[in-house]
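For the sequence shown, our numbering assigns the number 17 to the initial residue and increments by one for each residue that follows.
The set of hints was computed from the structure by calculation and includes no laboratory data. Incorrect hints may appear among the rest.
[Unchecked claim] EDC-like mimics (lysine to aspartate or glutamate), calculated; alpha carbons at most 16 Å apart, straight line: (1) Lys216 with Asp190; (2) Lys314 with Asp244; (3) Lys216 with Asp312; (4) Lys216 with Glu313; (5) Lys314 with Asp275; (6) Lys216 with Asp178.
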Amino acid sequence: MVAHTSYGYSCERSPSMTSSTISRRDFLRLAGISLIAVQVPLPILSAIHKPMYARAFNAVPVHSAPTLASALVRHLWPNSVLEIEAIESGWYRLVDGFVPIESLQPMHPYIPDVADPVLEIGMPVTVSGPAAAVRQWCAADAPLVTHIGHGATAYVADYLPDKYSGWYAISDADHNVLGWTQSIFWSSVTELEIPAQSHKVMVNRQTNEISVYTADRLSIQSVCSVGDLVATGDYPLTGRQFATRQGSRYGVPYSLYADGLSLYGVYWHNRFGTSHPGLSIELPILTAATIYSMLDEKSHILVV
């Protein structure tokens, strides 16, 4: 196994990394998403011909078998990027052991791009690295504002170059500037226009699953985490935000609002399929991005 460090985050790859491949459908299955119809829009339909990766949320023990009683192989560092070989009984299988699914966040491979970033003030960006530190000013030793994880979103409010990668000042949709972050951990994204076709979304509180129907045809199904205070009912979509804040979490991506109910992507846990305290519906990043791009302002969310 080869390990290397890029800008403070480690990445581990198996010797077979250059030749192994994973299909789009397998990638989505590892991320907890079922692809039902071929009409699902980008980014879900992006062709994936690379190994599946994930990042560690915290320091994580690696076990020799998919059970907590098995021998300890080693520990992972927080934000380590690892190649995932398969899922076995609620565990991710690595090249040298097993880690519980809830300990890792699925992500695309991260290859730092040291080229000058394409810059436009107000440009929407997402964390493409395992995580990004946000600081009070443009220096690696400046006071830390917060860490935000892979898949978080923001807008570029300003940019300052340096000899390594440059710095973004980032803000949310309401133009609240959070701080400065190294641009190498971010990638630009395209905010899609609101689609012309309405969809029906069904959320099952018992199974913690979300399904999207297009003209009464099931298009996508995914695990989610439904708040224990979410009531059954029909919620018309009332608004959306590409990047916002939820409590102490910054850069919360792809938020949808439906008559008091909120749905958004989550980069701080992978405990989907279980409920959580509160009034929101938490989604894997890929699920949130896809549903965000599918729903128009006439869509409804049905909670059963």
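Each hint tested on the structure:
no., hint, in the structure
1, Lys216 with Asp190, "28 Å, violated"
2, Lys314 with Asp244, "26 Å, violated"
3, Lys216 with Asp312, "10 Å, holds"
4, Lys216 with Glu313, "11 Å, holds"
5, Lys314 with Asp275, "12 Å, holds"
6, Lys216 with Asp178, "47 Å, violated"
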